[in-house]
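First to last, the sequence lines map onto chains F and G.
If you read the first sequence in our numbering, its first letter stands for residue 1, the second for the next number, and so on.
If you read the second sequence in our numbering, its first letter stands for residue 393, the second for the next number, and so on.
Any given hint might turn out to be false.
[Unchecked claim] In silico DMTMM-like cross-links for lysine to aspartate or glutamate, where the CA-CA straight-line distance does not exceed 25 Å:
#1 G:1138 / F:195
#2 G:564 / F:106
#3 G:881 / G:862
#4 G:564 / F:138
#5 G:1086 / F:82
#6 G:938 / G:715
#7 F:163 / F:109
#8 G:880 / G:797
#9 G:1069 / F:82
#10 G:1063 / G:1091
#11 F:266 / F:195
#12 F:78 / G:715
#13 G:1136 / F:82
#14 G:571 / F:131
#15 G:1086 / F:323
#16 G:571 / F:82
#17 G:867 / G:891
#18 G:564 / F:121
#19 F:153 / F:131
#20 F:78 / G:1082
#21 G:564 / F:369
#22 G:702 / G:785
#23 G:676 / G:846
#24 F:3 / G:569
#25 F:78 / G:1091
#26 G:564 / F:103
#27 G:713 / G:757
#28 F:78 / G:569
#29 F:78 / G:1083
#30 G:830 / G:813
#31 G:702 / G:569
#32 F:163 / F:103
#33 G:608 / G:813
#34 G:1102 / G:1123
#35 F:170 / F:138
#36 G:1092 / F:82
#37 F:78 / G:877
#38 G:676 / G:512
Simulated from the structure, these hints should not be mistaken for laboratory data.
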Amino acid sequence: MQKHMWRNRIIWIALWLLSLVAITFYGGSISYGFFYTMTLIPVFSLLYLLYIYVFFRIYQNTGGRDFVVNDAIPYSFKLINEYHLPFAGIKVQFFSPFSTINELSDQTEYELMPGSGITRETTLVCHYRGDYEIGIKEVIVTDYFRLFSITYKNNECKRVTVKPQLVRLKSLGNVQMHVNDSMVKADKLDIVSREYMLGDDVRFINWSQSARTGTLMTREKIGEEGTGVALIMDACRYSQDQYEYLPVENKVLELTIAIAMFFCEKHIGVTEWHVGRQSEGLYKQYVHSSQQFTSFYSNLSSVHFDADNTQEVLFDQLMRNEEVLTSAIVYMVIPCWSPSAAVMAEKLAERNISTVVYLICDEVSIKPDVARPDLIQMITISPEAKLEEVIR
Amino acid sequence: MTAFFYDLCYMLPLGMAFILSALGLGLGDQVLVSVADGSPMSPVAGCVICSMFVIIILALRYLGKKERALLGGILVVSLASFWGILGQAKREILFDKYSWVLAVLVISLMAILVGRITEELIWAKLLVSVLLLTGIIYMMVNRMSCPKGTLGCCVSVVLIYLLEVVQRNWNKSGYTDVKNHVARIAPVIMMMAIIVICIPAPSEKFEWRMAKDFWKVAVTEYKRLVGSITMEKEEYAYTGFSEDAGVKAGISDSGREVMLVTSDKRSFNRLYMGGITYEEFDGKKWSTKLDSELGDREFDFIEARAAISKFAPGYEYDYLKVDNIKVENRLLNTKYVFAPMKANLYSSKTTIPNHKETKTKIHSDRKMKYGNSYQIDYIQLNYDNPDLILAVDTAQPIDENEWEDVLRKNSLAKVAGMSFENYLAYQDDIYSIYGGDKELTIEDALEEADLSDEVKGIVRDVIGNDKIGDFEKLKAVSDYLQTMDYTKKTDALPKDIHDAASYLDYFLLESQSGYCVHYATAFTLLARQLGYPARYVQGYYVERSKGTDIVVTEKRAHAWAEVYFDHFGWLIFEATPGYSLSRGWAVSGTTGDTTGVRPHLSVTNEPAEDASMEELILEEETSYGFLLYIAIPLFCALLFGMLYLLISRVVAKKKYRKMNEEDKARTMISKNMRILKTLGYPLGERVTLEEFKKEIAEDKELAEHMGFIKLYERLLYSDHKVCATDVENVEREYELLKGIFKAKRKVYYIWGQYLM
Chain F
1 MQKHMWRNRI IWIALWLLSL VAITFYGGSI SYGFFYTMTL IPVFSLLYLL
51 YIYVFFRIYQ NTGGRDFVVN DAIPYSFKLI NEYHLPFAGI KVQFFSPFST
101 INELSDQTEY ELMPGSGITR ETTLVCHYRG DYEIGIKEVI VTDYFRLFSI
151 TYKNNECKRV TVKPQLVRLK SLGNVQMHVN DSMVKADKLD IVSREYMLGD
201 DVRFINWSQS ARTGTLMTRE KIGEEGTGVA LIMDACRYSQ DQYEYLPVEN
251 KVLELTIAIA MFFCEKHIGV TEWHVGRQSE GLYKQYVHSS QQFTSFYSNL
301 SSVHFDADNT QEVLFDQLMR NEEVLTSAIV YMVIPCWSPS AAVMAEKLAE
351 RNISTVVYLI CDEVSIKPDV ARPDLIQMIT ISPEAKLEEV IR
Chain G
393 MTAFFYDLCY MLPLGMAFIL SALGLGLGDQ VLVSVADGSP MSPVAGCVIC
443 SMFVIIILAL RYLGKKERAL LGGILVVSLA SFWGILGQAK REILFDKYSW
493 VLAVLVISLM AILVGRITEE LIWAKLLVSV LLLTGIIYMM VNRMSCPKGT
543 LGCCVSVVLI YLLEVVQRNW NKSGYTDVKN HVARIAPVIM MMAIIVICIP
593 APSEKFEWRM AKDFWKVAVT EYKRLVGSIT MEKEEYAYTG FSEDAGVKAG
643 ISDSGREVML VTSDKRSFNR LYMGGITYEE FDGKKWSTKL DSELGDREFD
693 FIEARAAISK FAPGYEYDYL KVDNIKVENR LLNTKYVFAP MKANLYSSKT
743 TIPNHKETKT KIHSDRKMKY GNSYQIDYIQ LNYDNPDLIL AVDTAQPIDE
793 NEWEDVLRKN SLAKVAGMSF ENYLAYQDDI YSIYGGDKEL TIEDALEEAD
843 LSDEVKGIVR DVIGNDKIGD FEKLKAVSDY LQTMDYTKKT DALPKDIHDA
893 ASYLDYFLLE SQSGYCVHYA TAFTLLARQL GYPARYVQGY YVERSKGTDI
943 VVTEKRAHAW AEVYFDHFGW LIFEATPGYS LSRGWAVSGT TGDTTGVRPH
993 LSVTNEPAED ASMEELILEE ETSYGFLLYI AIPLFCALLF GMLYLLISRV
1043 VAKKKYRKMN EEDKARTMIS KNMRILKTLG YPLGERVTLE EFKKEIAEDK
1093 ELAEHMGFIK LYERLLYSDH KVCATDVENV EREYELLKGI FKAKRKVYYI
1143 WGQYLM
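Isolated chain F, as found in the complex:
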């Protein structure tokens, strides 16, 4: 489009200059008429663009309210011309890179006759967890002579809240520290039964009660919550630029949830720690069953990342918490390696606790300077990487 537009503009400028030459050397209706025409062409084109700007309407629709990262959801938009002049060239630009509209190019130009509309139905995929705008971001309108175009922001953008993706990991990758049931200190007191839920271990099915009630029942340990696996998530916002912080936060949450789900499926209790909103203190969640996981996922989806939730705050509070320091293994999901993190790792090593650090950044390798390097393992994951591919 730009090529055509520049060609037309150059032709117009050349003709306008010629008209100036004409009025400089010749008086009369022809030379001045030529000049007026050449001068009025862009004026009318710009008025026409203004007309489109005022009267052009866009309607967008998304199928549903729940958005999850990488789930394709139905999306449609309608471009409408309800007035008297045709709209010569309309292009819509979609929000990217946070979301992708499938099967539609934003290079397509549409023409709308008076009283007509164009509807396009497709699917939309959100790439990151967070609160952001999707669909049509900008509209580019071009005049009938293809001389000028104006780009303006779509005033009716759709803002959505996208939940993190649930990634089922088969393993935790090359993690040297193995975790087993013995690490969970859940005891066998206060065994109660409840209805069986998909994902519950079949070994815990209470067959006799199931026979009595006619419903599949399973046993649940509700004794002292185990502190075997600790999962620490850094909820600090390291940038003001949405393009920078959104991919990182998305990956931090995605990995945290994936690790929790991994242990949950193995019926190993995981205690997740992060700093709550406005540094209000440590936020702790224990996940063991699928029911708890649902609640955990919901809570984590709405975690608010904040610039005040620094690693210093996080680890300072964690080091004062005996529960973390008695864990069998600690998983950290953090976007950067800070001195506070190193101190925490050192302290954990002193107590002979293994630490696995997942570093969500693009840096190739960071070697932590700690006394017991055998007790700490660091894995770097790019914010744009697919977890299933990098953790195998």
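Given chain F, put chain G in place with the hints provided.
Just chain G now, kept in the frame of chain F:
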């Protein structure tokens, strides 16, 4: 409709362009005229008739059979009735008076044909556009007059063509019917053309005044800056070529700007800006001993005003006027103030900062820098007034009362030293300082002159016996000198020249060439020998080419002579070849003519020709019967239309009754589809009946009566045999749809029901 408007947006401006071009190219004098009286066609009338014709032809092309027959019939009937009610005599008169209508119709038909040929051929449209553009460019270059309407129509055609080309080469999604797009945007283009037609177009070429003024300011500021940096510390230029006023062997000059003279009134074309005057000549150079004596320019100013007031009271403006000029210093690094002769240094408009006036010059107390300026009032004499010579030659002495009166009128009464006694002393001094003898006539003075016989002979021949006054005689001498050769490359004066006589001998008899210094010197010396006080002046010769501002360069350095006439004052005499005094201005009356009224040019009205019989007949008709010529054809057309619709309806009903069931169903389905189309649901080209039905389903009111579409499908795609029930159903739906149509489109229903 799209095709109709698409054709219309090309053919209408094309037709009008043809009509107006035909007018512009001279056909307006031959073809597009009335046979009766030769009066040309009115462009507006031509365009209106052309537009109507194009619209009718296109309507006939695109309307359905019924509408076409109706429109055609109405036209024929109305024209036939109009023709019928005119009598034979009136028909002939009308035909003669509006004979150009036929030519307009032929030209319009040509436009339609061109439009039809180019309809599908984009290259043909290009050709037409290029031809139109070439035509108007040809007319522009040859400065032919072109009605703005022609231009507007040509512009419309070309722009619509460009619009179509842009649309054709635009890869777009959605509804991309180029013709429809062009037809819809064309009104915008036409509006633009109408605005172009409405904006006044000056017949003169554009002068770029603002740009020129801006450029001038920029250049001035640049020069001011450069001048302030580069101006030499030493006094660069004095009062022309040199300060010592010597007659030198050759001169050189540069294009350096020395001053800018501005006169808002543009009241002069040549102005002598004097810098210094000299009274003594030793044969080789001029000198002065009056540098310390007080100036007397005001006496000269007042003396001239008094002389003219006395000579032609009430008509002073015919002889002189007071003008004001502004002088801005450029690169002339000097203390001299350059001023025209007869300057009034005490006028309220004269502004020369910190100056001192002597008999020979006006001197500022410090050197003027680039951009320093001053203003001066001065008297400009009207050399184009032949009576000025008489006024000079016959100037009478003025008494004290007259002197005081003129002083008052010129606001010089309070200026010190302007007493009548001082004026008389000033007059007496002139002869003692600048030579001459007021008691002698020119001829007597020449006889007594200290000149060689050869020079005397030349002067005698020049002044002759046919000259009436002294001014004329002196003018003859300056004119004679102007016939000699002008050159800047002169030899040094011979060593034996030691006085005026020897200089004149050498110059008039031997050299006979030189530059302004030689000629001014020669004339000053000759004028003195002829009994007139004369002085040599150095300064600048300011010549206006155009505009109010005149840039004076060093090349304009000049020398000239000034001669004193008793009771009138000093006058410039230009003796240098190639130079001349300023032209004057038109006079309002002559001396003694107190009325000043010029005879008016009387316009004799030609007796009006008797109105022709044709005009009388037509006038008679217009007074009472003209409306009949419109009303009767209209009535006939209306009658025809009603009859046509009535008959066609009766025929259609009769025909319908005779149809078999299937034809009846098809007819009714067709009618239903027409109603739907009128209500905004046309059946698209690639739309299936099922899709069409779905589209209509949005309108719940209509959706209930769509049973006929199923029947339509069966008729189209299967061997369905239509039964009476089917026909009844479709007829019932027709009536219901008609009801909706009536409710939604009340006005159109009255017309539409006859066509459905």
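Item to check | Earlier hints that do not hold, by number | outcome: Hint check: 1, 3, 7, 8, 12, 14, 15, 21, 27, 31, 33, 35, 37, 38 fail, others pass.
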